[in-house]
Structures are given as C-alpha cells and as structure tokens.
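Residue numbers (our numbering), protein chains in the order written: chain P, 1 to 401; chain A, 1 to 401; chain F, 1 to 401; chain V, 1 to 401.
Mixed in with the good hints, there may be bad ones.
[To be verified] Here are the simulated DMTMM-like pairs of lysine to aspartate or glutamate, each with C-alpha atoms no more than 20 Å apart in a straight line:
no., chain 1, residue 1, chain 2, residue 2
1, F, K320, V, E37
2, F, K50, F, D185
3, P, K374, V, E383
4, P, K320, A, E37
5, P, K223, A, D81
[As the list claims (entries may be wrong)] Sample of chain V residues at the chain A side, in silico, Cβ under 8 Å:
no., residue
6, E20
7, R24
8, D27
9, S28
10, A29
[To be verified] Chain P regions said to be covered by chain V (calculated; three or more residues, Cβ under 8 Å):
no., stretch
11, 7-18
12, 325-333
13, 343-356
14, 359-368
In short, the hints are calculated from the structure, not lab data. C-beta atoms are modelled at their ideal positions from N, C-alpha and C, and glycine is treated no differently.
Protein chains: 4
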Amino acid sequence: MTSISGRHFLQIPGPTNVPERVLRAIDSATIDHRGPEFQKLGQEVLSGLKHVFKTKAPVVIFPASGTGAWEAALVNTLSPDDRVLMVETGHFATLWHSMAKKLGLAPEFISGDWRHGVDLVTVEARLAADKSHSIKAVCVVHNETSTGVTSRIGEVRKAIDRAHHPALYMVDTISSLASIDYRHDEWGVDVTVAGSQKGLMLPPGLSFNAVSDKALAAAKTSKLPKSYWSWEEMLGPNKNGFFPYTPATNLLYGLRASLNMLLEEGLDNVFKRHDRHAEATRRAVRAWGLEILCLNPAEYSSSLTAVLIPQGHSEADFRKVVLDNFNMSLGQGLGKVAGKVFRIGHLGDFNDLMLIGTLAGVEMGLELAGVPHKKRGVAMAMEYLTEGASKSKPAVKLNAA
Amino acid sequence: MTSISGRHFLQIPGPTNVPERVLRAIDSATIDHRGPEFQKLGQEVLSGLKHVFKTKAPVVIFPASGTGAWEAALVNTLSPDDRVLMVETGHFATLWHSMAKKLGLAPEFISGDWRHGVDLVTVEARLAADKSHSIKAVCVVHNETSTGVTSRIGEVRKAIDRAHHPALYMVDTISSLASIDYRHDEWGVDVTVAGSQKGLMLPPGLSFNAVSDKALAAAKTSKLPKSYWSWEEMLGPNKNGFFPYTPATNLLYGLRASLNMLLEEGLDNVFKRHDRHAEATRRAVRAWGLEILCLNPAEYSSSLTAVLIPQGHSEADFRKVVLDNFNMSLGQGLGKVAGKVFRIGHLGDFNDLMLIGTLAGVEMGLELAGVPHKKRGVAMAMEYLTEGASKSKPAVKLNAA
Amino acid sequence: MTSISGRHFLQIPGPTNVPERVLRAIDSATIDHRGPEFQKLGQEVLSGLKHVFKTKAPVVIFPASGTGAWEAALVNTLSPDDRVLMVETGHFATLWHSMAKKLGLAPEFISGDWRHGVDLVTVEARLAADKSHSIKAVCVVHNETSTGVTSRIGEVRKAIDRAHHPALYMVDTISSLASIDYRHDEWGVDVTVAGSQKGLMLPPGLSFNAVSDKALAAAKTSKLPKSYWSWEEMLGPNKNGFFPYTPATNLLYGLRASLNMLLEEGLDNVFKRHDRHAEATRRAVRAWGLEILCLNPAEYSSSLTAVLIPQGHSEADFRKVVLDNFNMSLGQGLGKVAGKVFRIGHLGDFNDLMLIGTLAGVEMGLELAGVPHKKRGVAMAMEYLTEGASKSKPAVKLNAA
Amino acid sequence: MTSISGRHFLQIPGPTNVPERVLRAIDSATIDHRGPEFQKLGQEVLSGLKHVFKTKAPVVIFPASGTGAWEAALVNTLSPDDRVLMVETGHFATLWHSMAKKLGLAPEFISGDWRHGVDLVTVEARLAADKSHSIKAVCVVHNETSTGVTSRIGEVRKAIDRAHHPALYMVDTISSLASIDYRHDEWGVDVTVAGSQKGLMLPPGLSFNAVSDKALAAAKTSKLPKSYWSWEEMLGPNKNGFFPYTPATNLLYGLRASLNMLLEEGLDNVFKRHDRHAEATRRAVRAWGLEILCLNPAEYSSSLTAVLIPQGHSEADFRKVVLDNFNMSLGQGLGKVAGKVFRIGHLGDFNDLMLIGTLAGVEMGLELAGVPHKKRGVAMAMEYLTEGASKSKPAVKLNAA
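The shape of chain P in the complex, shown without the other chains (with noise of 0.2 Å):
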C-alpha cells in the first residue's frame, strides 16, 4: 500500500471505506465450515441478512462479487431463450443486459439517457403489450453505480402490476442496500441482488440474492444450466448455518460485523445519514458551477453524485491530480458517459468530516486541474450539514472487546 502520509480517502462509489471493526474481524483465524462454531456464524448472518434487505425470504450467499450475483438471479430462474425486460438505466444495466445475452436470453432493452431512473410508463406498456406473457421477468438496477440516479422500485412494482403482468421481478441493490431504503417484501420483488462491498462496508468477495416464493418456484422449472449458483443447493444446508461448498469464512466474519453495526445504528439513521451526505454533496456541486447528470431529484442517488465535468476537459486528467496531489480516488466515468462524468462516492462508513475533506479534495482538484468552477462549494457543504447537524446527532454506541 501507499506511503503516502496519512488516509487514502476512498471516494469511488465503492468498494468504500472499510471500517477497522470490519477489518479486524476479518482477520481472525478460519473456522471449521463443517463445525458448531461456523455453525452459529452461518445462522447469525443468514438471519441477519434478512433484516437489511426487510425481507422474510431466505438471502443466500455467495462467495463472489456482484456481478455473480446478477448471473445467480438469472440462471437460477430462467431457461434459454427466455425473454427479459430490462432497463437501459446507466454502465451497470447494460452489463446485466449482456450479461442476459451471453447467458443464452432473449433480453429486451428499453433504451435510456443515463440520466434517469427506470421510466414507468414504458415498462408498464411494454408489459401490457406482452398478452402471451412471455416476458419472464423485469429486471432494473435501484441504484445506477454509473450515474448516480436511482429508479423507484415500489413504483415500477406497481406498474407490473398495473400491466398484470406475472413476470419476475428483479431488482440490482448492489449499490443501494443499506444505504437507501429498500423493502424487498413490501416491494414484491423477487430476487434482489447485492454486494458486500458498499453498503455493507465489506471487502468485495461476497454477494447476495434475497429470494421470492415465487422466484423459488420459478427455480423448479428453470432450465439454464446452474450449479455452483443453485440456490436450491444453498437452501437446504443453509436450513442449518451451513453451506453446500466452502463458504469465504472470513469475509462472513465480516459480515457479522457489519450487521451489527448497522443495527446499532439504527437502519432508519442510516439512511438520514446517506440522504444528508448526498444533498450536501449535490450543493457542493452546484455551488462549483458544474452540472449533476442526474436530472431528476426525486432519482437523486443518496449513495454517489455523478458530476460532468465541463466540456474540453478530462475527467482523467482531473481524477489523476487529487489522486496524486490529495491522495483520494474518485469514480471514473463508465461506458457512455467514460470521459464526461467522474463520481463522488459519500456511502458506507463515511461522516461529516469525512465529506467534507471529500468535497474540499474535488474543489481544489479542480482549481489544480484548470477547470472552470466556483470556489463555495465546500462552504455550501457546511453550511448545510451544521444547519442539520444537532438534529443529525449521532448516538454513541460502545463494544466491548
């Protein structure tokens, strides 16, 4: 690692900051997966889990990052040539969407400008329009990675329904969960996947399907090839903590940790905490002059702020100087917007303070980087956040060693 003096402020949308407590329980020596202490591990995180993503279904475990997560949501319940409605939201719905394709799908794309959430309109007509029902399942992303828009789960659950339409619905929270309110029941959703690496303020190496009856019921029919996925292979083991092949022990020590902290915090508290970051971030980057490429504020992401930065000059080149001069990594822009947005990640183990040096390292990279902007942004931030701040203030909590 660096040695560069002090924190590296890890300002991408992810993987965030992982906290020591996370850190130190990970390194903590490998268990028996087969004994009664891995055991209690299993049946505490299996449990866990349930509460973040305010579902009663099971959430299985995969020791994988999230994209495999995404693979696992499709090959667990979908057969080849399936089709599949799916939303052109940003860089990561347009992985997933190839993703569909090389998986042997027949996906369709309902095409988007990156700077809006899922438009409901649309997806109730084209479901309303499929009398044969051969769209077997919805899948969007609650919180685009890439762009920093978020799309309105609940409502797009109401347009299927509108439509009457049976589809699956399937829902990418790897950006979102447990740092903007998600409610896989309350949503009808039928597979949500996730991450560890954000919200959950975990290394990467472990993702997440929450799983419907209804997707479960799917699964029997399927007919995509799948093992190292099934969640029927999951399901019966993980009835008793345990895993049908080796779990990543230690990253679910982790994970055991993070739970915890989120329940001390109060999962309604921490998603005030993100929302707060977010908007004092949005004012940053207005008072900067500069454009947030999400357009509409009720998609307003509470986990990244997308920023374009102003034509004729490099997101690169900008990125590179407050990584070389401040020792922070920002998000680079992806796919079509590579090379006109940079991104600011204020999610996961993050404070005030934290934010601020945040924002003070985007203004002043900027004034090194030559770009045109205002200089109150950062003012405009702590302005905002002190107005806030004693009805924001946190409660301490304590743990013992």
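Dock chains A, F and V against the given chain P, drawing on the hints supplied.
Showing chains A, F and V alone in chain P's frame:
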C-alpha cells in the same frame, strides 16, 4: 470464536491454518480496484501464481470458492452434451461429475473404490476406444481431499498421449497445489483448477484456473453459457493487472503475502515438508494399528491422511471427543466413506510440533472415545521426525514490517 | 518475523503466547485519553483488575515493564536507608534486591539455594529478632520465574503475624497472577507487583501495583523521590477512569480483552488448567530421567518448570537445537543457574495439544542435542492428560464480533 | 470503541492517528526477547532512531510514557538538591518542573506568559550570573504541547555557550520529534526526551532519551537513585540489540514500521508537510477572526495550533459540540490556559484532506456552539493548500506485504 484457552488446531484438510502474516495482509484498507496501486498488486499476484502452478500460461483468479473454478473449467471449454471422461476417485471427483451433469454435459464416470488414484490402464483403454474423439475432456482430481489418495497426473498425460486422443486434460489441484509437486506445463494439463484455502494458506474465497493455449482455443467454440466465469473477459483486463468486475481485493493482499512466503521457503522445501509430515502421520497411524484408506503407497497424499475407524465405532463421536476435549477439528468422512473414516489434515502453514500436537490429539481422542488402538503412534512419529530433523532444518528468514 | 512454516512455540515463561483476540483488540485506533470513550475503558480495566488480584483495594496500572512495578512498590512506601527483608529465591528476587540497593534502601537478603521457596521459619525468626521494628518491608516473589519454585504467600503472612511485626508485605506475582491462585486481600499483602506479559496474556508494556490501605498510609511518609511511579498522582485521576499522564491506550484495549477472557473461562478453571499442564510436564521430565530444579513438591510452579541439564551438556546448545529444528523458544538458565537449567513455560493462553507439541520439542531436542534421556516423557504426559481430560473438558464460549 | 459512522478524527496534539501499517505491525505474535529474531529487531530500531534524532549518540528506549523519559533524563544525570534551570513555556514545562522538585532537585523556573518560547536573553543572563556553575542543567521544551509555541533550541545552545556555562542541556521533544526539524548533535543537546505517540505515529507506551557523551559522563557521578531508568543498565545490552528487562516488544514492531515510513517519506518532506498544514491552520484561525495563542511567528508550532476561545465562551462546551456532532477530538486547554484555549493537532500521519475535515469540524463546531467567528477559515486553508499543492506533491511509495 471460542474462548477455549490456546490455539485451535484446525486439522481438517482445508481450510488450513492461515498464517498471521496473511491475515494481517488481508486486514488492510480496501483500495480502488481501478487505480495504479491495485494494478501493481494485480500484476504481482497474476505473475506470482504462474510460479506456483509451474506454468507460463495465464492463471485466472475468480472471487469464488474452488467449486466455482470447477464450473469455470467446464463452461469455458465445453458445449451442451459434450462427453467428458471423469474418474471416481472419491467424493470431490463425484461432486465434479454431478456438476458436469447439472451443466448439461454428458460425463462418463469410471468407477473406483475410493482407495486408489486414477487407473491409467482404464483411462487409456477408454480413450483408445473413442475412435470418433467424441470425448472432449478428461477430468481428474490430483489429490482427493476425501480419501487422501493422489493420482499420478504426469502418467495420466502419458496415457492420453498413448491413446492419441485430443481431449482436453483438466486437473483439480485444490488440495495439492503448493503442498504436493504439480507441473501444469510439463504434464501437459489444459486446465488446472485450484483454490485459496489449502496449500496457499489463505481463507476461502479465491479460486483459480491455469489455462493452456489449447484450452483457450476450445473456449472460442464452447457453447455452454458463461459470463462470470468467462476467461475471455478476464484475460483482457488481466494483461494490465485489472479485472472485468470487482475482485476480492483483500484476499488478493493475502495472496501476495502467501506467494511471498512460498517463494521464501522455496517450493521444493514446501513439498519436502509436506512429504515428511505425511510419512510421520502414516507411521503414527500404523503404530495405532489403524488402517490408512489409501492402499497404494505410490498414491499416498502428502496433504492429508484418511484413516479407517474400526467397525462398531463412530467417527463422528470420535471427532466430537477430540473437538470437545482437545480443541482440534478433524475432517469427517464424506460421501461413500461417511462414517467410515476420519481425516487428518497436515498441509499448509504447519510444522513438526503442530503435527505432534495433532497426532497427540488423535491418540488421546482414540483413548477417550474408546476406540481400540495401540499407543505408540506419537512416539513413532517423533522418532521419524527426529531422524529427519537435521536434514530438514528450516532456514530462518526475516520479514521487515 | 520468521518465515519458518507454522506457528512459533513461545514456551519461555513469559512473554506468553498472546491470543488473537487480545492482539486484535490492541490493533485498534488510539483514542483521546481524556475523552468519554477512554473513561469507560479506564473504569472497566481498573475495576476488572481487582477481580484478578482478589482485592477490593485499588490496582494501579503503569505504562512500564514489571521491573517498573517493583520500583514503584519500593519508592512509594519507603525512605532512604530503610531496612527491607528480602529472600533469595532466585534470579528475580536477586534483581529486586539489587534494585532496592540501587534505590538507596538497606535490604537484608536471606540466602537461598534457588530450589526452595521462602523459608517460613527464617522469616519469622528474623522478624521476631527485629524488636525495634526497623525492618519496614518484607518482599518476596510468589513464583520465581527463574526456578519454577513458588512460595507460600499466605503462610508467609502468618509468619509475619506470628512475629507480631508491622512491616509492609510486598509480593511479586509477575509470573503467577492469573495462572496460580493468588489472594491480595485474604493474604494480607500490602503491595502486589504484576506485569502484563504472563498470565494476563498481553504483550509486555503494562505493570501493576495492588495497594492496601496500609501501603497507602506508608506512602504519605515515604521519602524516596518519586514522580512517574507515584501512587498518589495515579489514584486521583483513576477514580474517574483517567490517568495523570498518557496511558498505554492500546495495551489497555488488550487488557480489557484479556480480563474478559479470564472472566469467561473462570479464574478457578484457569488455575486448574495451569496445575494440570504443570503436572503433565513434571511427569514428562521425570520420565526423561531429568531432574526438576524445584525440590519441594508443595512449591512446584504451575507456570513453568525448570529442568536441570545433565552435567557436561550445554543448555544453550540444547535450546538452540530446539529453536533451529522445531521453531520453539525455551527459557534459558538465569543468574546462579545459568548454564544449568532450561525452563519450559506452560502458562497463559495454552492447551493440551500445545503442551504436547512443547514437550515433544523438548524430547526430540534432547535426542538431537545428544543429551542423555529416556524417551517416554511425551507418552507419560499424554497418559496423564488423557486420564484427566473428561474432568477438565473446556466449556465452549462464543464471542460476538 | 464507538459505533459512530466513519473514522474518528483524533486531532488532539497526540496521541496521533496511528497508521494502519503501524497497527498491523503491532498486531503480531510476541517473540522471545532474548532470541535472535528479537536481536535483529532491537538493532534495527536502536539504529533507526538515531536517524530521527539526528545523532550518532545512543538512544535509549523505555517501556514507558514520555513522562518516564523526563524522569530518566533527570535521575540519570543529577544529584539531590542540584540546581536546574527550567523555563515556564507552558503546562508541560511546568509539569517537568514539578517533577524535578518531587525528585529532590532544586529547579529554578524562569517565568513565562505561555505565549512565547524560551527567552534567550534571560537564559544567557541567568547562566552568566551563575559564576559558581551551581546550575547543573538547563531543561527546555522544544514544542510546548499546551500552547503551540516552539523554542529555538539551537539558539538556546548558543546562549548557553555565550555564557560559557557547563550545564547539561536537556530538551523535551515529545511533540516535535519527527514533526519539526530537530538536531540532537548539531545543537549540542545532552539529553533529548521523546515519546512514541506523536510524530512517531505509535500508540503511547514507549519513550526515549538520546544521550550525549557529556550526559553519560554526568551519569557516572549522579546520585539520584535510579534503577528502571538507568542508562548504564540499558546501554550494555543495547549494544547487542537487547534490553536489561522485558521490552515492550509489540510496540517495538510498530516503531520499526514507523521508522521505515519516515525514511520512505524522507524527514525533510515530513517537516515540510507539517509546516504546510500548520500554516494552513493558522490562516483558517485568522480568517475565523480568532486569536492564535503563540504571539511570535518565529515560534509557531508545526505540530499543533492553540486557539483562544472568545471570552464568555467555554472551550469545553465547544469541544463537546465538536465531539458529539462531528466525531472529532480536539485538545483542551491545560494548566494556566485551561478554559481559555482549544488545541488543534495537525501532526503525525496526516494529509491535506484530513486537515480540511479537521478545520471544517472546528468551523462548523464554532457555529453550532454559538462562538462568534467569520466563516472563511476552511476556504482560506484550501486556498493556501491549493497554491502549494503541486510543489508538495507526495511521492507514491509501495509496500510489499
């Protein structure tokens, strides 16, 4: 974790005892997986792995358990209904065979007695009989973790060659790599499958495919659906030290540390150490009057020893006595030998006194559990270790902070 | 640190093997030693220590080695040229005596053969003869780390009482506290001296004085210069959990963890465990045909066993053979027994299999070093441990992250 | 520790934010302090420290807080009733003076206003007046942690020389070493006192004396009682990398890591970084309209800035607001300036964005606490940092595991 006094003896045949140095490396802040510091890490581990696999071919790293690397080997190279020749050496060979069926392949399974390695004559005969070359791959397990029996991988290669058969050759080295000599290039293996949690001394969560040119060529025409496991998507970014999706960064920190440790000890010394501990273990087993599952001395495993429990006695009860009284985990019998054997892992980060502690736990456990045995096992192992000690004296190496 | 494979066996009689849980606790961000979070920590450890010393009196914590706590005991209570009765039980008693001289006291040293504990009759006679009560303190070592001999602290108290002598009673428990039963209040000790790196299972760097009312009263008139070691300056801030100068915060994190571990195991179980391992060790020593330094079975130490090396053999060479071949550190002979004994530490975070590994390292080392011995030491220890195993079965306790 | 989200900002002027790399080094198994591996560690840190003190003289390491190293400096060199010239630069100079009295010395205390460093003229005059050379030592504090005022150590040396006075020259560098340029040899200092928890970026628990030949000579005739602190006992074993009593092994692991980090960054770069952050902080303070305690710009501290709280406002309340709302610890006013100042630590493992976070916490805290101020402090600091950024660009260095 338990508060039982002293170190737990994790003597299942993997996950193995993770060295402090590896745990501490993992306990580092997660970094930007698209930044220059990660790039150096990526290049270092991708290159260092080749040394361990004894190959010049690329080694692909998956954020997944070893089971995932099995799947990757199959889905990258094969097409639905392809015939695959597999050999029933034990439980893990059986699981791999089941996976092949689940993935839509048509595996043929040469039956075995779980006490021998791959039978060379049968393999050669079977391939010679396949005049049409409809068999696309031969899949074997180098070291059967369920039985403590190795197969002679170089000899299998020769058998394939004698049959003039073009099938791909795939080898599972999950519990042999970095413990028992293995030579991807010299032995003409096309896909080598490995995992992090055995000889590499890491927690579970990483797995590997070493991939020959012939395997890469096969990947171009393979029709099994693939995305997460796709070599093609991996190899592009890997050239620059990057990955197509978020890698398990912190486990890669651990991998860097473990590769350095293997380099410092020297692979040949590592193999000798494992051979020596395995021989000491077998001498103990014989002294106890118990039977080693592996029948052919040329196929003894240096990673683990599976021991038959005398009839009328429960291996589960025995292992529970050992765990409850001596804070040691032993491996259970799996599959066809469930209830019939227990397994002693003696691989990974291990030394003479840990081995004696391990064997003492077995010997005292046999006594407490009322399993008939003679008592001179530990004494015989000590005698053997003492004889060989001066020859195998470890070199002290120092590690700067 | 060394890259020798496997865990080092640290079997000197302290520092002891620090449990992972303690190391991880120490590996936490340092906090403001004047803030509320520290206060809670301070209160917790200051209170928890009383349980371990079996006292209601205050226990003072110094950021210092045990040697510092010796000095603190003397400079807080005594004045230049004060007479102090000390007993030559071994090297550490001798060092404490040297220190007393250096500090300007007039210690009287009852000579000893380093193979027995404090002679009660001599102490009583010496005190009875001191009609003028010019002796201000009696200082003894509970467990002589250099010899493996304990003194009967409660009996010494009675001897002092029989002599109707008002001297302060000071006891060094550096290598006994939290390993061998010790009762500050019940035994009427005025100052108990202890350190972190033995039974408390911490790295070195903390030391302790438990201080009776009588000792506190003596401190008011003591004239030896003192500042860093001053109890008076400590006790004020300690009342609120704080310290008069910067405390060794991170070691206090470790102390909190170790106090919790001792509480979870139960002090009585901790003592029984040490007794059992000590007895097993002595049976091994006798089986080897070697001689235990301690001559009186009533004074055997449960923390360590000092063993005489047969004449004509070098204990230094023997220990080097053990270190080089078996990655184990044993204690050297110190002071008058330098070159004559080696010491086996069996205290702290320890268990049966670690003990057998330790004894095997000694037995195999004797063989390699050409030291005459019989071979049944390990076997005898195993026999003893097996007999007692079911009675001493450790309870599994679980620890949340 | 707290479960408040995000990193705590530990901006007291020490202990400082301990870097992960140091914490991880400390989190290693304790080793035999009499063995060959320890010897290498001992030699490495004892030698490496000389570079940081800029000396060829021995540097003694005590397992103790900085307060202990004060005591060591005095008791090793002086005799009861010796006259010592000390200068009241602030709270810590006052504590050192109190200690000298407690130890039986006869210190003379040149009074000061706590807003200036050592007055050269007064020191010279006082020494020149001491014709009999009854003053045995001049003791000053390089950087007053309570006031943020430095003294010009090289100039004090010249004043002593101009007075042709043979007194020993002792300097406390507890909060300057490895943060502000310091030159033990060049400045003719006889005893330099330092601690681990400031610029050396370690947890508290180690302290240091760099000792000139003249100081060593004085030690031979010094009559203050000494044992734990005795240089003589230290220097013998130190020659071989060992210590006369159990050293704080794990903190020495951390010291090795921190010495490597300082070497990698380069001491001159370390000093420039501290200067820059101090100047940025002062610009912020001035912009807020608040007053810096230090009155002489030539004596500004680069480690910390003490700021006067406007009359009628409570610095304690202010700091509580900052801690409760922003998870940041600031230094309180101590001694004569208790209630009048708060202190901002900007030393140790620190960088630009951490500084901006820190200053933002102060600025927002002032607002929330109702302390009158102007709002442009953070903005001014950012402007200054931006100007200097390209010149002070940190070099990336990489650290293998």
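Here's how the hints hold up against the structure:
| no. | hint | verdict |
| --- | --- | --- |
| 1 | K320(F) <-> E37(V) | holds, 13 Å |
| 2 | K50(F) <-> D185(F) | holds, 10 Å |
| 3 | K374(P) <-> E383(V) | holds, 13 Å |
| 4 | K320(P) <-> E37(A) | holds, 13 Å |
| 5 | K223(P) <-> D81(A) | holds, 14 Å |
| 6 | E20 | holds, 6 Å |
| 7 | R24 | holds, 5 Å |
| 8 | D27 | holds, 6 Å |
| 9 | S28 | holds, 6 Å |
| 10 | A29 | holds, 6 Å |
| 11 | 7-18 | holds (count 3) |
| 12 | 325-333 | holds (count 4) |
| 13 | 343-356 | holds (count 7) |
| 14 | 359-368 | holds (count 6) |
Going through the hint list in order, the structure satisfies each hint without exception.
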